[in-house]
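Engineer: Sequence:
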Amino acid sequence: MLGEPFLLGSSTEQTRFERSIEEYIANLRSKGSLAKDESTGWMVYDLENDRRIAGINADVEFQAASMIKPFVALAYFHLVKEKKLKYGEQARKQMEAMIQRSSNPATNWAMKQVGGPAQCNEILKKHYSSIFKKTVIKEYIPAGGRTYINSAPPSDYVRFLRALWKQELPYGKEMQRLMALPGRDRLYYGTPIPRGTLVYNKTGSTAHLCGDMGILVPKTKNGAKYPYVIVGIIERKSKAPNYGQWMNSRGRVIRDVSTLVYEELKKEHQLR
1 MLGEPFLLGS
11 STEQTRFERS
21 IEEYIANLRS
31 KGSLAKDEST
41 GWMVYDLEND
51 RRIAGINADV
61 EFQAASMIKP
71 FVALAYFHLV
81 KEKKLKYGEQ
91 ARKQMEAMIQ
101 RSSNPATNWA
111 MKQVGGPAQC
121 NEILKKHYSS
131 IFKKTVIKEY
141 IPAGGRTYIN
151 SAPPSDYVRF
161 LRALWKQELP
171 YGKEMQRLMA
181 LPGRDRLYYG
191 TPIPRGTLVY
201 NKTGSTAHLC
211 GDMGILVPKT
221 KNGAKYPYVI
231 VGIIERKSKA
241 PNYGQWMNSR
251 GRVIRDVSTL
261 VYEELKKEHQ
271 LR
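If you count the sequence shown from 1, position 213 lands on 213 in the numbering used here, and the numbers rise without skipping.
These are calculated hints, taken from the structure and not from any lab test. C-beta atoms are modelled at their ideal positions from N, C-alpha and C, and glycine is treated no differently. Among the clues, some could well be false.
As the list claims (entries may be wrong) - List time: in silico DSS-like cross-link candidates among lysine-lysine, alpha-carbon distance up to 30 Å:
hint, residue 1, residue 2
1, K133, K112
2, K86, K225
3, K138, K81
4, K225, K239
5, K134, K239
6, K166, K266
7, K239, K219
8, K267, K225
9, K133, K237
10, K266, K221
Stated by the list, open to error - For each label pair, taking beta carbons as the anchor points, the in silico distance ranges come out as:
hint, residue 1, residue 2, range
11, P241, G88, 33 to 39 Å
12, I149, E263, 33 to 39 Å
13, R101, K166, 25 to 31 Å
14, Y24, G144, 21 to 27 Å
15, P241, N49, 25 to 31 Å
16, G88, Y243, 35 to 41 Å
17, S39, G88, 27 to 33 Å
18, K166, L260, 23 to 29 Å
19, Q119, R19, 28 to 34 Å
20, S39, K267, 41 to 47 Å
21, K31, N222, 23 to 29 Å
22, K133, E263, 17 to 23 Å
Given only the sequences and the hints, what does the whole structure look like? Please build it.
Structural biologist: See below:
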């Protein structure tokens with residue numbers, strides 16, 4: 001049974017974290033570093049104290065891109081728990097390819113095992129409705145990775161990651177292992193966050209979207225863990241003319257916001 005519902009949505013009082021993020025984004029827009037047709041969504045959630053720290057466009061639906069893949073894994077593991085699917089060597093390799101290397105064929109394999117995109121969506125809505133308020137899974141990943149139809153708001157990622165951290169999901173330990181496999185994330189890699197910080201994440205990248213959602217677990221000066229969730233999404237209406245350049249620059253924006261959040265938390269919680 002999932003934990004009690006908890007507040008994630010909009011708050012009338014703007015937090016200093018939200019002010020800092022919004023000032024940073026406004027500065028980018030004033031310099032022309034973010035285009036007019038680009039929208040952003042951000043959430044930060046303190047898992048240690050079970051409280052929302054920041055939410056900007058938290059309940060707005062964005063394209064999900066590859067960030068949908070852990071949700072597909074959850075649908076698969078739900079059926080394993082019900083003994084309708086098996087989790088053997090082949091499935092483990094497919095899951096590792098899907099989460100660590102963001103393999104689209106592996107994702108489509110997992111979706112097909114579950115019964116297709118609509119069945120994945122149905123499982124999440126029926127059995128995990130307290131997490132997935134607005135997530136929509138409608139399509140397999142098309143050739144070339146041009147996946148623009150599946151969608152989710154930042155708040156759904158936070159609820160999923162909170163449930164994952166609290167061990168409320170089937171095969172939660174295995175999902176944590178998969179999401180902790182090394183890769184080039186946008187929350188920790190290339191930031192001043194201390195080496196050795198645990199990271200559980202999944203990125204998403206298309207010609208319209210650059211995002212990352214994950215849990216960071218830095219340590220305090222006395223050696224205790226301080227886990228928190230951070231979600232950053234940048235979506236553009238028009239297709240990026242130079243995909244690689246756009247992805248690198250927007251990935252840097254997400255890293256900068258992650259750094260900004262970490263520096264604030266470091267002062268507040270005596271992080272290393």
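Engineer: None of the hints should be skipped; say for each whether it holds.
Structural biologist: A quick look at each hint next to the structure:
1. K133 x K112: holds (23 Å)
2. K86 x K225: violated (34 Å)
3. K138 x K81: The hint holds at about 23 Å.
4. K225 x K239: Violated: K225 and K239 sit about 40 Å apart, past 30 Å.
5. K134 x K239: holds (24 Å)
6. K166 x K266: holds (23 Å)
7. K239 x K219: violated (40 Å)
8. K267 x K225: Holds, at roughly 15 Å.
9. K133 x K237: holds (23 Å)
10. K266 x K221: Distance ~10 Å between K266 and K221 Cα, so the pair holds.
11. P241 x G88: 33 to 39 Å: violated (44 Å)
12. I149 x E263: 33 to 39 Å: holds (37 Å)
13. R101 x K166: 25 to 31 Å: holds (27 Å)
14. Y24 x G144: 21 to 27 Å: violated (33 Å)
15. P241 x N49: 25 to 31 Å: With Cβ atoms ~43 Å apart, the hint is violated.
16. G88 x Y243: 35 to 41 Å: holds (37 Å)
17. S39 x G88: 27 to 33 Å: Once the Cβ atoms are compared, 42 Å apart, the range 27 to 33 Å for G88 and S39 is violated.
18. K166 x L260: 23 to 29 Å: holds (26 Å)
19. Q119 x R19: 28 to 34 Å: violated (42 Å)
20. S39 x K267: 41 to 47 Å: violated (30 Å)
21. K31 x N222: 23 to 29 Å: violated (40 Å)
22. K133 x E263: 17 to 23 Å: violated (31 Å)
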